[in-house]
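Please build the complete structure, drawing on both the sequences and the hints.
Protein chains in written order, with the numbering used here: chain G, 50 to 164; chain F, 2 to 113.
For the record, the hints were derived by calculation from the structure and aren't laboratory data.
Predicted model, so just to flag it, every value in this text is computed and none were measured.
There is no bait here: all hints are sound.
Just some of the chain G residues that point at chain F, by a computed CB distance under 7 Å:
(1) PRO91
(2) VAL97
(3) SER104
(4) ILE105
(5) PHE155
(6) PRO157
(7) GLY158
27 Å max Cα-Cα, derived DSSO-like pairs, lysine-lysine:
(8) G:LYS85 / G:LYS68
(9) G:LYS89 / F:LYS23
(10) F:LYS43 / G:LYS89
(11) G:LYS90 / F:LYS43
(12) G:LYS87 / F:LYS100
(13) G:LYS58 / G:LYS102
(14) F:LYS112 / G:LYS89
(15) F:LYS69 / F:LYS58
(16) F:LYS72 / G:LYS89
(17) F:LYS100 / G:LYS85
(18) G:LYS87 / G:LYS71
(19) F:LYS43 / G:LYS67
So the derived list for chain F, only partly shown, Cβ under 10 Å to chain G, looks like this:
(20) GLN7
(21) TYR33
(22) TYR37
(23) GLN39
(24) GLY42
(25) ARG44
(26) GLN46
(27) ALA92
(28) ALA96
(29) PHE99
(30) THR101
(31) PHE103
(32) GLY104
For every residue, glycine included, the Cβ atom is placed at its ideal position computed from N, Cα and C.
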Amino acid sequence: DTEVTQTPKHLVMGMTNKKSLKCEQHMGHRAMYWYKQKAKKPPELMFVYSYEKLSINESVPSRFSPECPNSSLLNLHLHALQPEDSALYLCASSQDPGLGSDTQYFGPGTRLTVL
Amino acid sequence: GENVEQHPSTLSVQEGDSAVIKCTYSDSASNYFPWYKQELGKRPQLIIDIRSNVGEKKDQRIAVTLNKTAKHFSLHITETQPEDSAVYFCAASRAGGFKTIFGAGTRLFVKA
Numbered sequence: 050d051t052e053v054t055q056t057p058k059h060l061v062m063g064m065t066n067k068k069s070l071k072c073e074q075h076m077g078h079r080a081m082y083w084y085k086q087k088a089k090k091p092p093e094l095m096f097v098y099s100y101e102k103l104s105i106n107e108s109v110p111s112r113f114s115p116e117c118p119n120s121s122l123l124n125l126h127l128h129a130l131q132p133e134d135s136a137l138y139l140c141a142s143s144q145d146p147g148l149g150s151d152t153q154y155f156g157p158g159t160r161l162t163v164l
Numbered sequence: 002g003e004n005v006e007q008h009p010s011t012l013s014v015q016e017g018d019s020a021v022i023k024c025t026y027s028d029s030a031s032n033y034f035p036w037y038k039q040e041l042g043k044r045p046q047l048i049i050d051i052r053s054n055v056g057e058k059k060d061q062r063i064a065v066t067l068n069k070t071a072k073h074f075s076l077h078i079t080e081t082q083p084e085d086s087a088v089y090f091c092a093a094s095r096a097g098g099f100k101t102i103f104g105a106g107t108r109l110f111v112k113a
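As structure tokens, this is what we get:
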């Protein structure tokens, strides 16, 4: 399996809702990433997990809460989001976090709309 | 902080022509330079990459060149086709770091 999968594909939520985004990879990769992408902009790094431990948090607001239950799964828990959080949320994985110069493979993304 | 500049932001070419996209990076420790293609509503997909110990790499109609001294790298697409129309992102990263720094993107239009 050479793909990163994400669910759901689309998500519409109100500002008081709690929802979760899920990401899965079965390539044996040990680094997993969450990115946020606004229209016509590059992906913007949010979090990095390395060997299931949070390695980077790019000063993301606490209404976004990442979780890495095991080496294949990555979740992003959402709570009390704002309309400006509407974006495409991309998950990615790479083989060895220590290398850094390492190819990242992206999932198809979750298109999130916050009303 | 680290930065990758990408030019042009928009590029329109006639089918069959060549397209060139240029990037400049600021972190001299960067040693891995991937290029991603993103079609509308889809995921970024790696199309080619180059490491700092190589000056040029080619894969069919796509080639990438790297000038470490000038901290420049470029994507060359020959014999462009309408299906090459997409947004292209250059990026840079380095060993020991987790971050990939993306350029702002180039929107390529190939006119049939």
